[in-house]
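Got chain L; can you put chain C on it based on the hints?
2 protein chains.
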Amino acid sequence: MEFQDCFPVWNKLTPSQQALILGARTERSVAKGTVLHSGGADCAGLLLVKSGQLRAYILSDEGREITVYRLFDRDLCLFSASCMLRSVQFDITIEAEKDTRLWVIPADAYKQVMEQSAPAANYTNEIMAGRFSEVMWLIEQIMWKSLDKRVAAFLLEEVSIEGEDRLRLTHETIANHLGTHREVITRMLRYFQNEGMVRLARGAVELLDKERLRAVRDA
Amino acid sequence: MEFQDCFPVWNKLTPSQQALILGARTERSVAKGTVLHSGGADCAGLLLVKSGQLRAYILSDEGREITVYRLFDRDLCLFSASCMLRSVQFDITIEAEKDTRLWVIPADAYKQVMEQSAPAANYTNEIMAGRFSEVMWLIEQIMWKSLDKRVAAFLLEEVSIEGEDRLRLTHETIANHLGTHREVITRMLRYFQNEGMVRLARGAVELLDKERLRAVRDA
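Going down the list, the sequences are from chains L and C. 1470 is the number of the first residue of the first sequence in my numbering; add one for each residue after it. 1470 is the number of the first residue of the second sequence in my numbering; add one for each residue after it.
With the rest of the complex left out, here is chain L:
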């Protein structure tokens, strides 16, 4: 996969705009667990995922986390370059959830192109609108969905990302994704286990009855 293939508007940029971005971008490989961006002060640049997986989350004062969105192949992360947009006033942390290869585009180069190019600015707009939609979905989940539905939805999503029914996940990790406490997740998973929907092992959750988990999720 080439860098250019990840930009739907690449051909609408002028040769000098293309050269500016190609000259400025760098390629990086990061290990699972690496924090690529944290908080508002940091301006790491835009991150374009070549392969792997990133997670964007917010942190409470007490160190609790909640996952806001994830980035997969070809996804572009804007908020790691929050200095580019004056109106971005929140602190987000971006972490590699798997070993990841990515391109970094410095914020000033991207901003310069975006200020000149209506296609680049509109493309950026669409990406932000997409993230906005994910965040609105999250608010609906938090506000209106009970935790059993959220845990079932999370497990089913993980299985669809990982492609296997046995997930290597601690209760702590699930709690951090969903913004709750480990004890609460443990209680819920034990309930699912008693109902025959999952099997629990140290550091792993195996989905035994996805049909019923879907029924919980969609109830």
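Since the hints were made in silico from the structure, they are not lab data. Source: prediction; values computed, not measured. Warning: the hint list may mix true and false statements.
For lysine-lysine, the following DSBU-like pairs were computed, each having C-alpha atoms within a straight-line distance of at most 30 Å [stated by the list, open to error]: (1) L:K1519 to L:K1501; (2) C:K1481 to C:K1580; (3) C:K1580 to L:K1618; (4) C:K1580 to L:K1614; (5) L:K1618 to L:K1481; (6) L:K1580 to C:K1580; (7) C:K1618 to L:K1614; (8) L:K1481 to C:K1614; (9) L:K1481 to C:K1580.
Then chain C, alone, in the frame of chain L:
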């Protein structure tokens, strides 16, 4: 206040772009309580507030509400023109919270200008980033703040918007802003009243001790 004064990038548009928007926009007066936009299918156009106040909220299947953001003089509402952005995939309702005068810019006219003009597209980007920040703030409130802090913050914000300490608000209305049940709000307000922070009357809440309410909010 002129229409043009509300667009910081007005002078960066070409005369034909300016003419397109001026020719397409209409002016409307709506009474308090009017629903201007509801759900994803509707594409009322962009709303630019001349005077008054709008509220954007989401609705659960059971009819519960939560306020996502508000719009005041000169604020531009993008999501009432969600057909303009492919990636907007959530349903929001926009309602006049006071008698409001506003301009409506049809989505297709605005979109046409935004596709040609980098300044217009970047301006739109900044507006969306600002709303995004408000929504992220809301998630933090919902996730990490207890309801006493949220009610105190809401009452103090209302007083600063209204400019007076006696607020005409039902408990139902407060519950709808904060995405909770009326009974929960009633209990909290009675607690505040017992502590001497507010006085309750039919359809009204009077703030007696803003100092202490601020202390609750910031604790």
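I'd like to know which numbered hints this structure contradicts. Please list them from smallest to largest. 3, 4, 5, 8
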